[in-house]
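Listed in order, the protein sequences are those of chains A and B.
Quick note: the first sequence uses my numbering, first residue 1, plus one each step.
Quick note: the second sequence uses my numbering, first residue 1001, plus one each step.
Just so you know, the hints here were simulated from the structure itself, not pulled from any lab data.
Among the hints, erroneous ones may be present.
[Claimed, not checked] Which bits of chain B does chain A cover? Going by a derived footprint, with three or more residues having C-beta under 8 Å, they are: (1) 1040-1050; (2) 1087-1095; (3) 1129-1141; (4) 1161-1171.
[As the list claims (entries may be wrong)] Simulated pairs of lysine to any residue, SDA-like, Cα-Cα distance not exceeding 20 Å: (5) A/Lys28 / B/Tyr1125; (6) A/Lys124 / B/Asn1181; (7) B/Lys1124 / A/Lys73; (8) A/Lys73 / A/Asp149.
Don't be surprised by glycine CBs; every beta carbon is placed ideally from N, CA and C.
Number of protein chains: 2
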Amino acid sequence: MTTTPSFLEDPSDTRDAIMRATYFALCKHGYADLTIQRIADEFPKSKSLLYHHYDGKDDLLLDFLEFMLEQQKERIPAKRSSGSPRDHLNAIFDRVFVSPIPDDYRDFSRAMVELRAQAAHDEKYRNHFTRSDDFFREVITRVIQSGIDEGTFHEVDPEQVTEFLLMTITGAMTKRVTTNNETLETARDELDAYVRFRLLADEESASQ
Amino acid sequence: MTTTPSFLEDPSDTRDAIMRATYFALCKHGYADLTIQRIADEFPKSKSLLYHHYDGKDDLLLDFLEFMLEQQKERIPAKRSSGSPRDHLNAIFDRVFVSPIPDDYRDFSRAMVELRAQAAHDEKYRNHFTRSDDFFREVITRVIQSGIDEGTFHEVDPEQVTEFLLMTITGAMTKRVTTNNETLETARDELDAYVRFRLLADEESASQ
């Protein structure tokens, strides 16, 4: 779950190395205090390379967001080879609700909340987060559909349940780094109750 | 629901007038591009008053957030004099999920998402949003408890359901202004289904 992406440990090319530097600078300084210079400080090669490739901080960050989305797409296979749909959903929730929150994941989550907030006034960021949500929508819808197909989930509307879950996940990621209550255990318990009531067929839904 | 707060129409004192100017400047420019000068542009009195009262933009914005929270506290009575707990919950959801989103509410929601994101790296903002969440937690918990007391809601754990609803509401407010899909109707349908399944006693929960 907290597996370090390979580009952080062993960047294979210049773009990987730029992405790695951006990741660490973003975790260290957050969005508002981030500058190309601060990214360069984490970058072992020439700073001019950064200026050569990007028209400023936001151009670089938008490329970084795309890169992170590609990483997610590689790490979250479209079809899960093993594990039940319920396990698959739980694995997604476990990533979001990990408790206690590891320091590096907290720093990254804070930065992501700041980047997402840029979308409120910047169309390019908004387009990115729309595409990013589309990907997770596709993943979750497919998991729910497969649970219905194999008869372990109730015959719900997969799109409707997915929209609700996406909203809940966005809320979880936002809330945990914008209040002093980092622990989301109570909300997670209720999310599990929702899944039992709404999705799981048979005996479990009756036992609450 | 979209009732204009009185301070926007008829500010009764200097603080109200400053809050009014801040509200309009924030809706117009967003957080990142906001300056004291831009707030002053909306302020009919002397700009020096703003500098006299506040140590810069964030100091003023934190006071603005407190002021808006006070407004909410006045507008959302602790005990609802009429209407069922279910109506009360629906009224809260209607405010968050209003569709289509009115222009002024969109502008304000965008600014609020940006202000909340400041909490990722600024303790003062984080303390504010913690207090703000505490208020809404209190309101929603009380509504659920009253539904349980009068026998129209199942005997759920009110705190647990509330944490989940707060997370969902934060997600809704964030998602609608950070993606190109402003309509939250599908997610709202599922929120209503959750309330039916989880809270409403008797026949409705069986009919899905």
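Against the structure, the hints:
no.	hint	in the structure
1	1040-1050	violated (count 0)
2	1087-1095	violated (count 0)
3	1129-1141	holds (count 3)
4	1161-1171	holds (count 9)
5	A/Lys28 / B/Tyr1125	holds (19 Å)
6	A/Lys124 / B/Asn1181	holds (14 Å)
7	B/Lys1124 / A/Lys73	violated (36 Å)
8	A/Lys73 / A/Asp149	violated (24 Å)
Hint violations for this structure: numbers 1, 2, 7 and 8, all remaining hints satisfied.
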